[in-house]
Amino acid sequence: QSAMKFVDPKVLEKHPPTSLDMARYQQMRVSDYDDGSGPTAVADNEVQQTVQLHLINIHSQSERTVIDHQTWRYDTEKKRWFLTSGLPDITQE
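Numbering (the working numbering), first residue to last: 1 to 93.
One or more hints might be untrue.
What the hints assert, rightly or not - Using 30 angstroms as the maximum straight-line C-alpha spacing, the simulated DSBU-like pairs for lysine-lysine come out as follows: (1) Lys5 to Lys78; (2) Lys78 to Lys14; (3) Lys10 to Lys79; (4) Lys78 to Lys10; (5) Lys79 to Lys5; (6) Lys79 to Lys14.
These are calculated hints, taken from the structure and not from any lab test.
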(Lines of atoms letter the chains of each structure in order from A and count residues from 1; the text may use other names and numbers.)
(Lines give C-alpha, C1' and ligand atoms only; values in the text may rest on other atoms or scores of the structure.)
Protein backbone atom coordinates (compact mmCIF):
# COMPACT_ATOMS: atom_id res chain seq x y z
CA GLN A 1 0.00 0.00 0.00
CA SER A 2 2.80 2.44 0.76
CA ALA A 3 4.24 2.03 -2.76
CA MET A 4 0.89 2.99 -4.28
CA LYS A 5 1.31 6.53 -2.93
CA PHE A 6 4.23 7.05 -5.33
CA VAL A 7 2.42 5.93 -8.49
CA ASP A 8 1.03 8.66 -10.71
CA PRO A 9 -2.75 8.87 -10.13
CA LYS A 10 -3.32 8.99 -13.90
CA VAL A 11 -1.45 5.70 -14.29
CA LEU A 12 -3.45 4.10 -11.48
CA GLU A 13 -6.68 5.23 -13.08
CA LYS A 14 -5.76 3.65 -16.43
CA HIS A 15 -4.03 0.55 -15.01
CA PRO A 16 -5.25 -0.25 -11.51
CA PRO A 17 -3.58 -3.26 -9.92
CA THR A 18 -5.74 -6.36 -9.74
CA SER A 19 -6.58 -8.05 -6.46
CA LEU A 20 -4.11 -10.80 -7.44
CA ASP A 21 -1.38 -8.20 -7.99
CA MET A 22 -2.08 -6.66 -4.58
CA ALA A 23 -1.99 -10.08 -2.90
CA ARG A 24 1.43 -10.71 -4.46
CA TYR A 25 2.75 -7.34 -3.29
CA GLN A 26 1.45 -7.94 0.23
CA GLN A 27 3.46 -11.14 0.60
CA MET A 28 6.73 -9.40 -0.31
CA ARG A 29 8.93 -7.06 1.70
CA VAL A 30 11.69 -4.89 0.27
CA SER A 31 14.99 -5.71 1.94
CA ASP A 32 17.12 -3.43 -0.25
CA TYR A 33 16.60 -0.80 -2.95
CA ASP A 34 19.65 -0.08 -5.09
CA ASP A 35 19.28 2.77 -7.56
CA GLY A 36 22.78 2.27 -8.99
CA SER A 37 24.07 5.56 -10.30
CA GLY A 38 20.77 7.31 -9.64
CA PRO A 39 18.26 8.97 -11.95
CA THR A 40 19.04 10.45 -15.37
CA ALA A 41 17.09 13.44 -16.66
CA VAL A 42 15.32 12.63 -19.95
CA ALA A 43 13.05 15.68 -20.24
CA ASP A 44 11.86 18.65 -18.21
CA ASN A 45 10.51 17.28 -14.93
CA GLU A 46 11.15 13.66 -15.96
CA VAL A 47 13.87 11.20 -14.97
CA GLN A 48 14.54 7.52 -15.57
CA GLN A 49 16.47 5.03 -13.51
CA THR A 50 17.04 1.32 -13.26
CA VAL A 51 16.85 -0.11 -9.77
CA GLN A 52 17.46 -3.48 -8.18
CA LEU A 53 14.79 -4.43 -5.69
CA HIS A 54 15.70 -7.14 -3.21
CA LEU A 55 12.47 -8.77 -2.10
CA ILE A 56 11.78 -11.23 0.69
CA ASN A 57 8.74 -13.47 0.56
CA ILE A 58 7.23 -13.23 4.04
CA HIS A 59 5.98 -16.84 3.90
CA SER A 60 9.10 -18.64 2.68
CA GLN A 61 11.70 -16.05 3.79
CA SER A 62 13.39 -16.52 0.42
CA GLU A 63 14.98 -13.47 -1.16
CA ARG A 64 15.20 -12.59 -4.82
CA THR A 65 16.16 -9.61 -6.92
CA VAL A 66 13.96 -7.84 -9.44
CA ILE A 67 15.21 -5.26 -11.96
CA ASP A 68 12.80 -2.34 -12.38
CA HIS A 69 13.10 0.32 -15.10
CA GLN A 70 11.43 3.39 -13.67
CA THR A 71 10.24 6.70 -15.07
CA TRP A 72 9.43 9.51 -12.64
CA ARG A 73 7.62 12.80 -13.35
CA TYR A 74 7.77 15.88 -11.16
CA ASP A 75 4.36 17.49 -10.62
CA THR A 76 5.03 21.21 -10.23
CA GLU A 77 1.57 21.89 -8.77
CA LYS A 78 1.78 19.19 -6.09
CA LYS A 79 5.54 19.67 -5.69
CA ARG A 80 6.33 15.95 -5.67
CA TRP A 81 7.58 13.12 -7.83
CA PHE A 82 5.28 10.46 -9.27
CA LEU A 83 6.22 7.08 -10.68
CA THR A 84 4.75 6.96 -14.20
CA SER A 85 6.10 3.52 -15.12
CA GLY A 86 3.82 1.83 -12.59
CA LEU A 87 4.60 -0.66 -9.86
CA PRO A 88 7.40 -3.16 -10.54
CA ASP A 89 6.69 -6.57 -12.03
CA ILE A 90 7.57 -8.79 -9.07
CA THR A 91 6.71 -11.97 -10.97
CA GLN A 92 9.88 -11.84 -13.10
CA GLU A 93 12.15 -14.82 -12.74
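Which numbered hints are broken by the structure, listed smallest first? Per hint list: zero violations.
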